[in-house]
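Construct the entire structure; sequences and hints are all you get.
Residue numbers (this note's numbering), protein chains in the order written: chain A, 1 to 370; chain B, 1001 to 1477.
Since the hints were made in silico from the structure, they are not lab data.
Glycine included, each C-beta is placed from N, C-alpha and C at the ideal position.
Everything hinted at is true.
Pairwise CB distance ranges (calculated):
#, chain 1, residue 1, chain 2, residue 2, range
1, A, 347, B, 1210, 53 to 59 angstroms
2, A, 164, B, 1210, 19 to 25 angstroms
3, B, 1054, A, 67, 49 to 55 angstroms
4, A, 132, B, 1272, 30 to 36 angstroms
5, A, 14, B, 1274, 53 to 59 angstroms
6, B, 1137, A, 6, 39 to 45 angstroms
7, A, 254, B, 1131, 22 to 28 angstroms
8, B, 1178, A, 292, 44 to 50 angstroms
Which residues of chain A face chain B? A few of them, derived with a C-beta cut under 8 angstroms, are:
#, residue
9, 109
10, 156
11, 179
12, 184
13, 203
Covered by chain B, per the in silico footprint, the following chain A stretches (three or more residues, Cβ under 8 angstroms):
#, stretch
14, 98 to 107
15, 166 to 176
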Amino acid sequence: MKTEIRASRAAMESLSQQLESFSEVLAASRTPHVRSWSPTTVRRALQWARYMRHVYRRFGRHAGIRLALERRLRDQWRREDGAAPATYSGLTSFRALGRCDLLLAQRLLGNRALGGAAFRCLLGQLCPGPGAQDAEDETLQDRLALLARRRAAVHLLRASGLGESPAAHEDPLTQTQAELLLQRLREVGQAAAEGPRRLLCGLWERLPQNSFPRVIAAALLLPSAPPGPPQKELELDSPKTPGEGRHELVQWLLGKSDTMTAFCHSLPAGLLASVVGRHPELFPAYLALLTDWGRQLNYDLQKGIWVGAEAGDGPWEELLSRFQSLCQAPLPLKDEVLRALETCKAQDGGFEAPGLSIWTDLLLALGSGV
Amino acid sequence: MAQDSVGLSSGYQFWMRKLSVWGQASTLETQQDICHHLPQFQEFLRQIYETLKEMDSRTIIERFPTIGQLLAKTCWNPFILAYDESQKILTWCLGCLITKEPQSSGESKLNSWTRGLLSHILAAFRFDIKEVDLFTQSLGYAPADYYPGLLKNMVLSLVSELRESHLNGFNTQRRMAPERVRSLSRVCIPLITLPDFGPLVEALLTYHGHEPQETLWPEFFDAVNEAFLLKKILLPKSAVVCLWLRHLPSLEKATLHLFEKLIFSERTSLTRTEFLMRQSLLPEAACHPAIFRIVDEMFRYALLETDGAPEVLAALQVFTCCFVEALGKEDNQLKFALRTYFPYAPPSLVMALVQHPEDIPQGLRHQPLRRISEMLREAAEDQAPGSSGGPFESWFLFARFGGWADMAAEQSLMSAAEPPEALLWLLAFSYSPRDGSQPRAQTMVGGGTQCGWHPGWAFPELEGSYQRGPRNGFGFH
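Right under this line is the structure:
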């Protein structure tokens, strides 16, 4: 029994080391370092990748081994001095093993530094021609072709205006980005507690301000349980416990007031109301934002409407529509909104006539509509 | 070999012109034309590859100076890249262009350029969506990580859009514009065999718009039918029935395809015939009267054209047998009356024929046979103008149900005494329905003593052990 345990531990250690070394090779394949790679190096690297994929298929359902390897990869990731996933080039998860030959192949194909002879060898391995078969697995050639086909498919659909939706949480592109975000948040969270926050801050700085909030909103609105039967290829396209990723997201939003402000400003009223309805923790912050906003509006006697002091402040209609959407949200929210408005109205002096207190006017407008 | 290269040259010119016209497939006409030519173009690519792989890079450039242009234009055509194996064959062709040892700057440039194209197809696809690329790169993901999920989400979104439009048809806001559905069916044509598109193909086939005319692109039906017949996709029976009901040429092609497999290939056994018949889904689909009529018509035509060939007759009988079985399994609510399928025959006759002969116990077989014979005779001799009886229709009706002819023969052989007249009439009729009553009487007399009749005549597997009956033609032309 003891020798068996020792033997299996040794085997495990050897496998883990191989994983780490391969991860380094994968990282190197993106760099100019490949200039020094000979055709033999390329061939060996691909063989190694094939072996790693075999490991993935062999042990994918074996929870213990999977976890141990996963932990080892995370340690390696952590050691890279808390690098963001964007800059980390090695393997980031066990799941990545399933595609590592594809990843390696694509990196080498796109790397201009790879020498002519090495490139030809690569091509020979990737596109051997007709008749290349593998008994137990799809060939790399077929999988590359499948990916190319899928990319062409997506392009064809989008070029004809299909597979899109104006509603962020229904748009497939936004949904996919949201799923990826949650997946990464979960992985990063397991590697380091600070991970998710750092990742989100980094993304907020890098990404365009009009699209990232939509992705966040979509992520917050994704259904809890992945629909349908379990995926066949050990892949989990949507995280098993999406709740985890979402929790980090909410905490991060609440942690930075300027992010929250920008988030609320860039999204339409209805979408925000759905988000807040689903995650009530966000409600107080949102409400506070709206009340601040309201306080900044002044009544213009000539025009007969509420306007902002600066150009940047949202107009009356915008504010009203946001309160209206909130009132259309599930019941507890609506009651709290009305209560808050009543409180503000009372604080202002409790006027009933329009034009004196914005809260009165809001309540009047809501009362007639709701 | 010279012949091949001449053929290839002219084909080359043809496709070069086509590709130039197609560009990046942005207009409706070009898309239509491309979809029409996808299989042939793939075949051409295969031929080119077979030629290129024998040559080295320099010879290729000498022989086909514009090959680079041809391949580049192909790389920029998303319809071609999306279709079947075209993208794979394209990479093989490009691989042939790479020079081992570039001796001039021209050759180096060609190498570099070819590498760029290969990278475009297999690695950094230049049609990728920039915004998504940036996002996923920031997360540290590669296209291989997100494309399967993205395509799945897009397909799901389209499927639910179609379903909603279908269900909420009266609410015009939720309705999908016909042009949009049409456009979708067009874009799907190269992608029918991509597994991710299965649900979408099904949804399109079962989608009924709110326009009186067909919304879907006809080539879409053709392509689905082709893929289904070649077993490149699996479709549920309901989707196939929708396909055949909406697009008559598909049904005809499916029937002809079956004929080819059963009739014009080498001898197949009875079990294999049954297997192929069931697999084709035609008997089950024929529970829908419109489909039955078409298939029936095609069998009728085939019989006439081939002069009543036994193979055709055998196929018809297997079809009818499987059809009756399928009818029995059909949901009671959707059952049509038998006369819907056999409008020209007396209902009582049809009812009698549809019974399974084997179900009748041994001693009691004479009675039903006699009844059938009488009814059939009456129908066959009904020569009144405008009647839908007559010898051929009656014969055709009877011929479908092979089991009865077999049983008549069996019974007449088994009885020690002279078999009853009704039985003999039946046998004579099934052989030569056109004979007037005089020659038929003679045949009947002869048939009683003639031993050249074997129960298994309908099935070619037993051909060796029987003599064919008089094949004096049916004389209906």
